Amino acid sequence: MKLFLAKTATAESRLPPAMLGSIALPIGMFCFAWTNCPSIHWAVSIVLSAPFGFGCILVVLPVVNYLIDSYTIFAASVLAASAILRSVLAAAFPLFTNQMYTNLGIHWASSVPAFLTVLCMPFPFVMYRYGASLRMKCKYTFEAAEMMKRMQQNQKEQAPATPSNEGADSK
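Take the sequence shown: its position 97, counting from 1, is numbered 97 in UniProt numbering, and each next residue is one higher.
Hints are supplied without guarantee of correctness; some may be wrong.
Each pair of labels, with its calculated beta carbon distance range [claimed, not checked]:
id, residue 1, residue 2, range
1, Met-151, Ile-46, 44 to 50 Å
2, Asn-65, Met-100, 32 to 38 Å
3, Val-44, Gln-155, 54 to 60 Å
4, Met-147, Ile-84, 20 to 26 Å
5, Ala-50, Glu-146, 42 to 48 Å
6, Asn-103, Pro-16, 36 to 42 Å
7, Met-147, Thr-97, 40 to 46 Å
8, Ser-39, Phe-115, 19 to 25 Å
9, Ala-50, Ala-9, 27 to 33 Å
10, Gln-155, Ala-92, 41 to 47 Å
11, Ala-50, Lys-149, 39 to 45 Å
Everything labelled a hint here was simulated from the structure, so no lab data went into it.
Values in this document were obtained by computation on a predicted structure and should not be read as measured data.
Glycine included, each C-beta is placed from N, C-alpha and C at the ideal position.
Using the sequences and the hints, build the whole thing.
Here it is in structure tokens:
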């Protein structure tokens with residue numbers, strides 16, 4: 001309710017969809033892992049993996065928006081770092097998945113990433129609760145917040161000094 005009544009939305013207001021997605025993501029991954037066998041029709045595992053896609057969208061998009069809102073003037077840098085981390089992880093996984101599936105089998109090897117998502121599930125909830133205080137401890141988010149405050153203050157100071165801009169659009 002506090003976020004609803006605030007005049008400007010905080011970065012944490014972006015996270016409720018990620019909270020839902022962080023729950024849906026492992027559900028979809030576990031459903032895929034344990035319905036992936038010859039005795040179960042392939043369509044079942046595909047249909048039951050729908051929460052995975054739902055969860056991916058609900059986690060990735062709000063987290064990107066959260067990073068932009070948190071780092072404002074440094075958003076390009078933090079998004080580049082995020083993309084690099086995602087790319088490094090995507091490049092690393094194929095290096096060991098063959099051995100993982102050979103040693104663990106289809107069900108358990110497919111469950112390993114699901115267990116990793118379970119470990120990451122609390123992150124959106126923790127950031128929703130403690131994100132503002134954690135951000136103020138980071139040099140870059142603190143600096144970005146101070147810069148935004150100065151910009152808003154300058155905008156407020158300039159607004160009363162200038163005449164109404166109602167006719168400016170038509171010129």
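Okay, the hints, checked on the actual structure:
1. Met-151 x Ile-46: 44 to 50 Å: holds, 49 Å
2. Asn-65 x Met-100: 32 to 38 Å: The hint (32 to 38 Å, Cβ to Cβ) holds, given that Asn-65 and Met-100 are roughly 33 Å apart.
3. Val-44 x Gln-155: 54 to 60 Å: With Cβ atoms ~56 Å apart, the hint holds.
4. Met-147 x Ile-84: 20 to 26 Å: holds, 24 Å
5. Ala-50 x Glu-146: 42 to 48 Å: holds, 43 Å
6. Asn-103 x Pro-16: 36 to 42 Å: Cβ of Asn-103 to Cβ of Pro-16: about 39 Å, so the range 36 to 42 Å holds.
7. Met-147 x Thr-97: 40 to 46 Å: Since the Cβ atoms of Met-147 and Thr-97 sit about 43 Å apart, the hinted range of 40 to 46 Å holds.
8. Ser-39 x Phe-115: 19 to 25 Å: holds, 24 Å
9. Ala-50 x Ala-9: 27 to 33 Å: This hint holds: roughly 30 Å between Cβ atoms.
10. Gln-155 x Ala-92: 41 to 47 Å: holds, 45 Å
11. Ala-50 x Lys-149: 39 to 45 Å: holds, 43 Å
Taken one by one, the earlier hints all hold for this structure without exception.
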